[in-house]
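There are 2 protein chains.
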Amino acid sequence: MTRFVDVQNMIRWAAERGPERIMSEMICYLEDDFRRWESFDKTARVASHTPFGVIELMPTSDHETYGFKYVNGHPANPARGFQTVTAFGVLADVHNGYPTFLTEMTLLTAMRTAATSGMVAKALARPDSSVMAMIGTGSQAEFQALAFRAALGIDRLQIWDTDYAAMEKFVRNIAPLGFHVTIASSAADAVRGADVITTCTADKVNATILTPDLIGPGVHINAIGGDCPGKTELHAGILTMGRVFVEYTPQTRIEGEIQQMPADFSVTEFWEVLNGRASGRSSADQITIFDSVGFAIEDFSALRYLRDSIDGSPYFENIDLVANPDDPKDLFGLVNVLSPLGS
Amino acid sequence: MTRFVDVQNMIRWAAERGPERIMSEMICYLEDDFRRWESFDKTARVASHTPFGVIELMPTSDHETYGFKYVNGHPANPARGFQTVTAFGVLADVHNGYPTFLTEMTLLTAMRTAATSGMVAKALARPDSSVMAMIGTGSQAEFQALAFRAALGIDRLQIWDTDYAAMEKFVRNIAPLGFHVTIASSAADAVRGADVITTCTADKVNATILTPDLIGPGVHINAIGGDCPGKTELHAGILTMGRVFVEYTPQTRIEGEIQQMPADFSVTEFWEVLNGRASGRSSADQITIFDSVGFAIEDFSALRYLRDSIDGSPYFENIDLVANPDDPKDLFGLVNVLSPLGS
Chain A
34 MTRFVDVQNM
44 IRWAAERGPE
54 RIMSEMICYL
64 EDDFRRWESF
74 DKTARVASHT
84 PFGVIELMPT
94 SDHETYGFKY
104 VNGHPANPAR
114 GFQTVTAFGV
124 LADVHNGYPT
134 FLTEMTLLTA
144 MRTAATSGMV
154 AKALARPDSS
164 VMAMIGTGSQ
174 AEFQALAFRA
184 ALGIDRLQIW
194 DTDYAAMEKF
204 VRNIAPLGFH
214 VTIASSAADA
224 VRGADVITTC
234 TADKVNATIL
244 TPDLIGPGVH
254 INAIGGDCPG
264 KTELHAGILT
274 MGRVFVEYTP
284 QTRIEGEIQQ
294 MPADFSVTEF
304 WEVLNGRASG
314 RSSADQITIF
324 DSVGFAIEDF
334 SALRYLRDSI
344 DGSPYFENID
354 LVANPDDPKD
364 LFGLVNVLSP
374 LGS
Chain B
34 MTRFVDVQNM
44 IRWAAERGPE
54 RIMSEMICYL
64 EDDFRRWESF
74 DKTARVASHT
84 PFGVIELMPT
94 SDHETYGFKY
104 VNGHPANPAR
114 GFQTVTAFGV
124 LADVHNGYPT
134 FLTEMTLLTA
144 MRTAATSGMV
154 AKALARPDSS
164 VMAMIGTGSQ
174 AEFQALAFRA
184 ALGIDRLQIW
194 DTDYAAMEKF
204 VRNIAPLGFH
214 VTIASSAADA
224 VRGADVITTC
234 TADKVNATIL
244 TPDLIGPGVH
254 INAIGGDCPG
264 KTELHAGILT
274 MGRVFVEYTP
284 QTRIEGEIQQ
294 MPADFSVTEF
304 WEVLNGRASG
314 RSSADQITIF
324 DSVGFAIEDF
334 SALRYLRDSI
344 DGSPYFENID
354 LVANPDDPKD
364 LFGLVNVLSP
374 LGS
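Going down the list, the sequences are from chains A and B.
Using our numbering, you'd call the opening residue of the first sequence number 34 and step up by one each time.
Using our numbering, you'd call the opening residue of the second sequence number 34 and step up by one each time.
Since the hints were made in silico from the structure, they are not lab data.
Beta carbons: idealized from backbone N, C-alpha and C, even for Gly.
Treat the hints with caution; some may be incorrect.
Per the computed footprint, the stretches of chain B lying under chain A, defined by three or more beta-carbons under 8 Å from a beta-carbon of chain A, are [stated by the list, open to error]:
{"id": "1", "segment": "83-91"}
{"id": "2", "segment": "101-111"}
{"id": "3", "segment": "350-361"}
To give a feel for the contact side, a few chain B residues facing chain A, derived at Cβ under 7 Å [stated by the list, open to error]:
{"id": "4", "residue": "D39"}
{"id": "5", "residue": "V40"}
{"id": "6", "residue": "A48"}
{"id": "7", "residue": "D74"}
{"id": "8", "residue": "S94"}
{"id": "9", "residue": "H96"}
{"id": "10", "residue": "E97"}
{"id": "11", "residue": "F115"}
{"id": "12", "residue": "Q116"}
{"id": "13", "residue": "E137"}
{"id": "14", "residue": "L140"}
{"id": "15", "residue": "G171"}
{"id": "16", "residue": "K202"}
{"id": "17", "residue": "P262"}
Isolated chain A, as found in the complex:
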């Protein structure tokens, strides 16, 4: 049998455990997996593009457990009442190939993306960071805010979004959780005095949400929204102002902010910082940039964490996903035994 976490169980689990605690615990799983980065099978995601959007499969394996995520990205979806991004994920046992775990991942992906940002900022942002600017307050924003409080203790937010209703929604959700939120009058206004800048906007264009003149010394930029070909958020000049950290270089060169840069533009893979192979921030004045696109190993960590977390809880059911006849050579017997013609 395969354990299955549907949307209602995911919501109940997340509400009971609390998104901030979940992301704090998930950061530990992410750090474990980033430290053993080299032991994973890594492949660029397998994408199917159409004019409507993209559907992707993101597989990876640590040779004990195999995992993959199905995820779509459809920018026009919100206007039609659908989520831009939905996802589900699977874990399987490498030893016999049987799927062991199936779960909704729309909500889990939101938390894994924010937890990854938190993990990276914990290592790269100035430890005394207390103010975060947030450009874009869509589905991902509240999770980012909670992950940064879990990782760095940040509780002062300066927000900006071209959709005023999205900012109101954000304040309504996040202010009761103990944050001090200031609604800015522009992106430039939002980033003034910020220690960390998170960009997370949805338009599939080469946008210039931030320009070099807005970026002060010592800032950590957490660039989330530039995550597919033709979709970037930062002026290219910002990328040469500091050091750029990525998840998996071959994928980020295609999908990240650095798609704007030459193919030999220097970047550091974050796992190398975490296990001591590469340096992180070198001074309080250095600008650090996390060019986040999302990678399969992060989903693997999130799936592992969820699987362990729900064990012994009421938040899953067992489903019968793959046939398993008593005699492995008699698959036909499964059908025949119920058939009117069966002997």
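Please build the complex by placing chain B on the supplied structure of chain A, with the hints as guidance.
Coordinates of chain B only, in the frame set by chain A:
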């Protein structure tokens, strides 16, 4: 909501409708999709290999519907009481990226493999074929027998397997369904006088189940078991005795019988025969060889057929696989509303 067919519903559906009728109807869906072969996204499967076996994702899309199959292949599984191959599949709506259909596919894959063999043989075997030799009587064998009766009316079978118990199982399952079955004393004995030869053995080796001296004029060879690197069934000399037909050339050159041949060995893609671009059998004496490895479009056809077939039946349930909040920008609200801290 996503429609879900679990193992029990799959078995009940297959038993009620009957595997032979299912494969007969599935052949129509396969023929439809092979005729519009050029309109599909085609990519080689994404495989994760370990010493234990392989786990693969097989995606495709016709730009209206996206589909993929998860499938494993673990040769040592039967000795431990597991299936060598298990699978599940998904269909999604390309317009919004939402998954619409999830189903067990171990049983469905067995039927789609046999239906594909039946479709190809209907076009390439001599129309008066009445005797089929079957080398290998494992999980796939009964489905092959029924598919060939559905496609060509074949009801005389000459079988051989190195595992006598597997032959007994086959006879027990298939004889009551109106077939005349002869248990042969060797592969050579089984193929004597056969119009069609199906090879479907499981050992992951470069085997030589058939040699050129055993192959008479006009035979159609349905070579199923040679389907991954290092796993072939036919002596290479057989491949030059007639014409070789394949599903998707780039994949078959890696996985099929023709992995034994030079990279420029001439083959014909079967879809071209079906839509008149290439000739099929040219004479009653010609030897035709279907070098089958299985391709994602066949799973797509099987998934489409199953989805349509169960509509209005009791053989599915609805599951809540991806979160869909009322306000697409308020994913966090899903969690917050249930939280003790929620406003």
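Discussion item. I'd like to know which numbered hints this structure contradicts. Please list them from smallest to largest.
Written reply: Violated hints: 10 and 17; rest satisfied.
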